[in-house]
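Sequence positions in the sequence shown follow numbering that gives the first Met the number 0 and run 0 to 278.
If you're looking for bench data, these hints aren't it; they were derived computationally from the structure.
All C-beta atoms, glycine included, are put in the ideal place defined by N, C-alpha and C.
Possibly wrong hints are sitting among the right ones.
Simulated restraints, written as ranges between beta carbons of each label pair [claimed, not checked]:
no.	residue 1	residue 2	range
1	193	45	21 to 31 Å
2	41	167	44 to 54 Å
3	81	40	13 to 23 Å
4	64	213	42 to 52 Å
5	153	25	21 to 31 Å
6	29	246	27 to 37 Å
7	37	123	34 to 44 Å
8	202	87	21 to 31 Å
9	17	197	41 to 51 Å
10	252	177	17 to 27 Å
11	230	123	25 to 35 Å
12	132	37	36 to 46 Å
13	197	74	38 to 48 Å
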Amino acid sequence: MWKPEHRRAATRRGLRYESDLTDAEWALVAPLIRPAKRGGRPRRVDVREVLNAILYVLWTGCQWKALPKDLPPRSTVWDYLDRWDWDGTLTRIHHALYVEVREAAGREASPTAAIIDSQSAKGAQKGGATLDASGYDAGKKVLGRKRHVLTDTFGLLLAVIVHPASVQDRDGAEDLLREARRSFPFIERLIGDAGYQGPKMVAAVARTGAWTLEIVRRCDRHRFVVLPKRWIVERTLAWISRCRRLARDYERHARKAAAFIRLAMIRLMLRRLAASASN
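Take the sequences, apply the hints, and build the full model.
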């Protein structure tokens with residue numbers, strides 16, 4: 000139940016921008032960012048301000064050139080985002096916070112059940128050529144890219160991959176399962192909707208490990224019914240879509256779209272951990 004103390008812990012009053020990190024949130028993430036390399040020119044940029052700028056773009060959905068002047072230059076912010084994506088910093092931060100959230104809830108660090116689903120995001124006009132292909136999802140009637148996610152039973156992200164919206168769910172799932180298997184080796188049960196049934200998906204699950212595939216089908220009755228476990232991953236996709244940068248597909252690279260999804264979950268977990276610590 001949402002109580003007054005929860006509201007006090009979640010308030011963003013006193014911050015320059017609502018997307019800025021609080022001191023408690025920065026204390027959680029700062030140790031996970033590698034220091035500057037030895038030798039060469041000393042680092043002059045404030046890394047906390049860089050992360051604030053990235054989160055500002057994520058939350059507001061603004062163009063890079065529209066970053067406020069009191070944040071670091073857009074070229075610097077973009078360079079750090081690109082570097083952290085390629086060197087694994089974002090993945091490392093996400094995984095460390097994920098483990099911390101799980102353990103704070105009294106659960107094992109690695110889950111035993113996972114839920115898979117996808118979301119087709121309509122493509123937006125880009126400020127240049129799209130370097131990774133988009134596609135048309137005939138079922139959703141969406142021209143853009145598909146976000147394939149795997150979550151645990153808390154709704155926390157385990158793995159994400161972005162590909163053209165024209166790729167069928169069962170075809171795009173194998174790479175996602177392979178990525179999750181490396182980071183979370185104790186998963187035994189995989190839950191998905193009817194889009195993941197069929198021999199191709201069964202073969203993909205078999206190649207990943209000794210997982211059990213459970214298909215949750217929609218109710219035939221013409222009324223709203225909450226589907227077991229499926230609502231959890233749907234809620235996660237709703238959490239992600241609250242960030243305006245993810246309301247549509249604005250990225251030229253599919254990899255960058257996946258990075259912003261990880262950042263959305265990093266933002267959520269930081270707030271959750273900081274709020275629980277203050278209580």
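Hints and how they fare:
| no. | hint | verdict |
| --- | --- | --- |
| 1 | 193 / 45: 21 to 31 Å | 49 Å, violated |
| 2 | 41 / 167: 44 to 54 Å | 50 Å, holds |
| 3 | 81 / 40: 13 to 23 Å | 19 Å, holds |
| 4 | 64 / 213: 42 to 52 Å | 47 Å, holds |
| 5 | 153 / 25: 21 to 31 Å | 24 Å, holds |
| 6 | 29 / 246: 27 to 37 Å | 29 Å, holds |
| 7 | 37 / 123: 34 to 44 Å | 41 Å, holds |
| 8 | 202 / 87: 21 to 31 Å | 29 Å, holds |
| 9 | 17 / 197: 41 to 51 Å | 44 Å, holds |
| 10 | 252 / 177: 17 to 27 Å | 20 Å, holds |
| 11 | 230 / 123: 25 to 35 Å | 28 Å, holds |
| 12 | 132 / 37: 36 to 46 Å | 40 Å, holds |
| 13 | 197 / 74: 38 to 48 Å | 46 Å, holds |
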